[in-house]
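Colleague: Chain by chain, the residues:
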Amino acid sequence: MTTATPTVAAGTQKTGGRGTSTAGRVRRRLNSRTATVVSIVIAVFWTIPTFGLFVSSIRPEDEIKSSGWWNFFTSPSFTLENYQEVLFGRSSSSGQLASYFINSLAITIPSVLFPIAFAALAAYALAWINFRGRDWLYVAIFALQIVPLQMALVPLLKFFSTGVTVGGVTILPAWDLVDEQKFAQVWFAHTCFALPFAVFLLHNFMSQLPGELMESARVDGATHPKIFRSIVLPLITPALAAIGIFQFLWVWNDLLVALIFAGGGDETAPLTVRLAEMAGTRGNEWQRLTAGAFVSIVVPLIVFLSLQRYFVRGLLAGSVKG
Amino acid sequence: MEFDFAAEQPKFLMLMYGLVAFVAVVGGLLLLLDVVPAWFARRREAQLVAASASGAPIPRRRKPREGVFALFFLLPTLLLLAIGLVVPAVRTVLLSFMDQGSNDWVGLRNYGWMFSEDSIVRVLLNTLIWVLLVPLVATTFGLVYAVLVDKARFEAVAKSLIFLPMAISFVGASIIWKFVYAYRGDGQEQIGLLNQIVVSLGGEPKQWLLDSPLNTLLLIVIMVWIQAGFAMVVLSAAIKAIPADIVEAARLDGVTPWQMFWQITMPSIRPALIVVVVTLSIATLKVFDIVRTSTNGNYDTSVIANEMYNQAFRYGENGQGSALAVFLFVLVIPIVIYQIRNIRQQREG
Chain A
265 MTTATPTVAA GTQKTGGRGT STAGRVRRRL NSRTATVVSI VIAVFWTIPT FGLFVSSIRP
325 EDEIKSSGWW NFFTSPSFTL ENYQEVLFGR SSSSGQLASY FINSLAITIP SVLFPIAFAA
385 LAAYALAWIN FRGRDWLYVA IFALQIVPLQ MALVPLLKFF STGVTVGGVT ILPAWDLVDE
445 QKFAQVWFAH TCFALPFAVF LLHNFMSQLP GELMESARVD GATHPKIFRS IVLPLITPAL
505 AAIGIFQFLW VWNDLLVALI FAGGGDETAP LTVRLAEMAG TRGNEWQRLT AGAFVSIVVP
565 LIVFLSLQRY FVRGLLAGSV KG
Chain B
81 MEFDFAAEQP KFLMLMYGLV AFVAVVGGLL LLLDVVPAWF ARRREAQLVA ASASGAPIPR
141 RRKPREGVFA LFFLLPTLLL LAIGLVVPAV RTVLLSFMDQ GSNDWVGLRN YGWMFSEDSI
201 VRVLLNTLIW VLLVPLVATT FGLVYAVLVD KARFEAVAKS LIFLPMAISF VGASIIWKFV
261 YAYRGDGQEQ IGLLNQIVVS LGGEPKQWLL DSPLNTLLLI VIMVWIQAGF AMVVLSAAIK
321 AIPADIVEAA RLDGVTPWQM FWQITMPSIR PALIVVVVTL SIATLKVFDI VRTSTNGNYD
381 TSVIANEMYN QAFRYGENGQ GSALAVFLFV LVIPIVIYQI RNIRQQREG
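Chains as they are written, first to last, in the working numbering: chain A, 265 to 586; chain B, 81 to 429.
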């Protein structure tokens, strides 16, 4: 009885595909072998550039400049001098990246916190508070995602430098920021630009929470702030993590916003600005460029590798469900 | 090591101010949201007590004012969006009809300039090449790879390798690839991988980033390299979401892997495919960092976003820069409308 079903199944399969069974199996095996080979080729192609950069960054200067990094394997010589030089060197050409590294940190941390907090509040209102024009407002915020950053730059810069005046009356004074204070401009800009996407993503997560939960809390007399803090926030932690990683990568890797709002000096400019400058003016100082590039990618790589799962979740929630 | 830590102190101080501001703003807002309704509740209670003591009719409980709550929740977001995006966008549109100092109206002159200046037409053409090639190639690579490693033994590792460049900044990626494209004169030992390959195949080393239009294609390779991981992850998830019984039924019908791909996989993942292409198109239209870091827009490689930066922030041509930004916006609109329509269809279907 128990063996009958498999026998029948095997029998039909045999008669069904008699002509192709052996050939088919061979071809399938070949296919899967080609598949493996092709996927390995792609993976190698994708990994080698970064790997080459890393190997180069730990080779001595004269060797980087005179022979390809692949020679490292036949005649290995290893040094940390490039990193030392590019991070802490004091000559103007060395990079002084340690200083810019701190700028990147100072720019990134508030630029991640502010938009997430504001977006979480807004997304809650849009998802769970009933008021007139709610859907209309949500669509409007969603649509703001398509405004290219480039459109906002000139007026926003003017907003910072001259304030707001309507008919000769100053409503907001100019910010008049100098040196480190310029961080505030960058935070402000990043927060504005991040909001539409963050609201959109968090709204997706929040509106999927079970409605009965909110209902019963309301019946028990909980106010919206209470529901937000004690029910919704704990439930959307994964989403907050996802959007946090997104925003972190985006701000840390950003060049355009920083270039315009932070200025180019070592008081405020982040790593990306300094690196872009080094690539332009000292394009052949490979020992500094490779080490510098590696310094700039190591933090996002660590964040990315350790939190990849959340990141993918956020990506899928944002892109597939729409 | 001559790094002066004391000199960095003002930055940490500023960072601290930022964090304090964050706690104050967000904490203050939540507190406000707690205190105000509590005050109203107390007042209503007092009214009730007073009413019952004097024997007057109990005042009717007013409907909870949801709109006020919503306003407070939305306040920071709406304010920032207005200052940071809405007003600037409107102003940019206005600026694009004004001269370089934003003093006089010039009508459509900036737009006329855009389509008549040879170098700018070149920029528009380059942008077109970018936006056609990047989504196409990146999605193809992502899709092929997602299909190939699906259910393979080292799937997680294999996917991470392709996904990794997503974490690398465009600037970092450009430096990585500049190194691949690096050039040494004929007869010298090459340090760039690409030239080394060419030389070992008997060719002559080339200055890859100087020859148009090849250099634009090579910059596009960088963007594809970064974005294919995104396509791969989304498409891979879509492939895994195909119901197992459909795949099983097809397999029992004896379809070849080729037929399986075109008749089962492709139709099933079509919505995800559209989302990927649209997202990549928008990202590509705005690309700026790669061109700026690799060639600074020289040698006929510039794109709209880069040229806009040059016009507005380097040459002080606010009108022309704004016109380019507006043009960028106009290009993005149809893509987004298409996406919104697709999402709606998906919801209904």
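Just so you know, the hints here were simulated from the structure itself, not pulled from any lab data.
Careful, some of the hints might be misleading.
To be verified - Which bits of chain B does chain A cover? Going by a derived footprint, with three or more residues having C-beta under 8 Å, they are:
| hint | segment |
| --- | --- |
| 1 | 122-131 |
| 2 | 185-196 |
| 3 | 210-222 |
| 4 | 284-295 |
| 5 | 339-350 |
| 6 | 406-416 |
Unchecked claim - Computed list of lysine-lysine pairs in DSBU-like fashion (alpha-carbon distance at most 35 Å, straight line):
| hint | chain 1 | residue 1 | chain 2 | residue 2 |
| --- | --- | --- | --- | --- |
| 7 | B | Lys286 | B | Lys366 |
| 8 | B | Lys320 | B | Lys366 |
| 9 | B | Lys286 | A | Lys329 |
| 10 | A | Lys422 | B | Lys366 |
| 11 | B | Lys320 | B | Lys231 |
Quick reminder that beta carbons are idealized off the backbone N, C-alpha and C, glycines included.
Colleague: Let me make sure I understand: some of the numbered hints might not hold for this structure. Which ones are they, in numerical order?
Modeller: 1, 2, 3, 4 and 5
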